[in-house]
Amino acid sequence: MTKANAPVIEMLTALADDELVIGHRDSEWTGYAPILEEDIAFSNIAQDEIGHSLVWYTLLERLLQRSPDAMAFERQWLDFRCCRFVAYPRGDFAYTVVRQYLFDEAEHVRLEALAQSSYGPIRDAAARIMKEEAYHLLHSEALVERLGDATDESRRRMHAATATAFPQSLGLFERLEHEDVLVRERVFPGNAKLQTAWIERIVATFGAVSITLPLDGSSKPLCLADYGGRAGDHTSDLEQLIADLHMVYQSVSGASW
Amino acid sequence: MAELTGEERLVEFERRIDRGEKVEPGDWMPEDYRRNLIRMISQHAHSEIVGQLPEGKWIPYAPGFRRKLTLIAKVQDEAGHGQLLYRAAETLGKTREEMIDELLSGKAKYANVFNYPTPTWADVGVIGWLVDTAAVINQTMLAQSSYGPYARAMKRICYEESFHIKQGYDSIVTLAKGTAAQRSMAQDAVNRWWYPTLMMSGPPDAMSVHSQQALRWRIKTKSNEQVRQEFVDHIVPQIRALGISVPDQECRLDGTTGHYRYSPPDWEELKRVISGDGPCNKERLEVRRKAHEEGRWVREALQAHQTRKAV
Amino acid sequence: MSDTQWETYEVFHQAKRGDSHEHVGAVHAPDPQIALQMARDQFARRMACTSIWVVRSRDIAMTDYQDDVFFVHTTDKSYRDPKAFDAPDKLHE
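Residue numbers (the numbering used here), protein chains in the order written: chain X, 1 to 257; chain G, 258 to 568; chain C, 569 to 661.
Worth double-checking, as some hints may not be accurate.
[To be verified] Pairwise CB distance ranges, derived in the manner of DEER restraints:
| id | chain 1 | residue 1 | chain 2 | residue 2 | range |
| --- | --- | --- | --- | --- | --- |
| 1 | G | T352 | X | P89 | 57 to 63 Å |
| 2 | X | L138 | G | S465 | 47 to 53 Å |
| 3 | G | T352 | X | A208 | 31 to 37 Å |
| 4 | X | A70 | G | F420 | 25 to 31 Å |
| 5 | C | K651 | G | T514 | 25 to 31 Å |
| 6 | C | S625 | X | N5 | 53 to 59 Å |
| 7 | X | L138 | G | E359 | 45 to 51 Å |
| 8 | G | E359 | X | A127 | 31 to 37 Å |
| 9 | G | R497 | X | L138 | 29 to 35 Å |
| 10 | G | P504 | C | D627 | 35 to 41 Å |
[Stated by the list, open to error] Residues from chain X shown here face chain C by an in silico Cβ test under 8 Å; the list is partial:
| id | residue |
| --- | --- |
| 11 | I35 |
| 12 | A41 |
| 13 | N44 |
| 14 | L137 |
| 15 | L138 |
| 16 | H139 |
| 17 | E141 |
| 18 | A142 |
Keep in mind that the hints were calculated from the coordinates and are not lab data.
C-beta: ideal position from N, C-alpha, C; glycine also.
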């Protein structure tokens, strides 16, 4: 690994790991969703997210000479750079919907910015992924709009899920170690800027269903952000998830599957 | 126009079937035809839904990107097939609510195979390869069914099932070419799935009341024994070509008939498993019930949201 | 144990611009927008697709298969068929 590439590698790893881990969580609904049609929908989303991680890992392969399978199925859990948010257990369907919605909005602002990146391969990949993400957003936003304003139970669950998920989701915008270089080199505009754009979008959606987020007058979060993931400081939820992910792959040494 | 008598209608109906014409929703049909079809199609739908579980269990553990994505897509297709089949059954006048209720209450039956456990990764491949091959042989036949909506659903399903078989076969070929541990994993899975798969086509026709009637009205066009023989003839050479043995000493090609002979499965076991007493029946239904109950608030909320908006 | 699986919407799928929309099945959905999304996930995840229509199943009016009078023509209508005309290409050989 060359020193000069370290900032890009750091960012790509975070992007790829976020997608893989949330896709893994989404796939836990395959066979268990509230209704058949939604089962099919979530399985599509899971495939898309995992597919997006594959796009980012493929870019990393050029920089690290390490295959996507090796990155996902051979790396130690502490070497993952996903935010903690994506690794938490899937919870009830309200938590899943809120998490997916927050993630999809973050992806939206992130990809829009990356589609302008000074780094060509990132620009191209972002433009490709953006198209599938747009559909995810349509799907998760439609569910937030409806479940957030339907029955007493659905409102209660959606409020609770948002209260839990919002501080966690700030971890999506945790500062990267090489953030200054990435901003200076115009690889991306920086997490602070992305977070501001993201908050503007989610406030509108949640506001429409009377869910208020803990923000101050200038839209800065008033809660403690659940940081750590970008520095490899993960919770045991990721440890378990990665152990599952690796179980068969690492069960026979030197085997192909 | 003069009303036809019941007898005349039946004659008319059977003539239509003999001419190879399809029966469509809204057509007059004998009550037994309707009942038999609802039973078959809903059982088929339940089998897809319950069938998501034994393989779905392996989604978190699937080794490598390709296998993981493929497995999600495969289990997703099963939900998709269940969806199509429930719809086909609904055209006969039974709601999906009623059918799902019958599944969860344990009243309805579904394919025996999904009540067996999947203790190893090789089970996923073997289900795709053996079980889905048996399913496709049956479903290709059902695509000729006299009931239009069932036949249409089957055409689409057969296409997707061929992906299921290929991915399963591909996974087992990889194991067969792999380490000794992988090869024995594949052999072990074939050993365990052989008889349950043979049972899938149903008991010998002489033992099956439904089968005779279904044949007469071309709900299906081949007997259980024919379908089973087709499966054996197709799969035995494939299994052996991979260096895996068929767990049946009697299994060999009969030079005079051109068909493989095989030992019949234990029909008492099939009866037990179908009527709820297989190794995993309880677990499967409990998982389905739990998912159904946990999803209830979502179904109700989206319904309520629409009802309020419509007011 | 009363349950709701929502209403059904019939799904019409257009594989490419210029083609007709074809009936491919139905989805259970709470409202038209969700029905479109579900139709997309169920019927356009493999098939190429440029457009989907959904319509509430109960809004479809249909003929009755029993009512065979509806489509029957008992008198000669062959004059509406191009094959019924055999005027020569030329008047004189």
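* Okay, which hints does this one fail, numbers in order? -> 1, 5, 7, 8, 9, 10, 14 and 17
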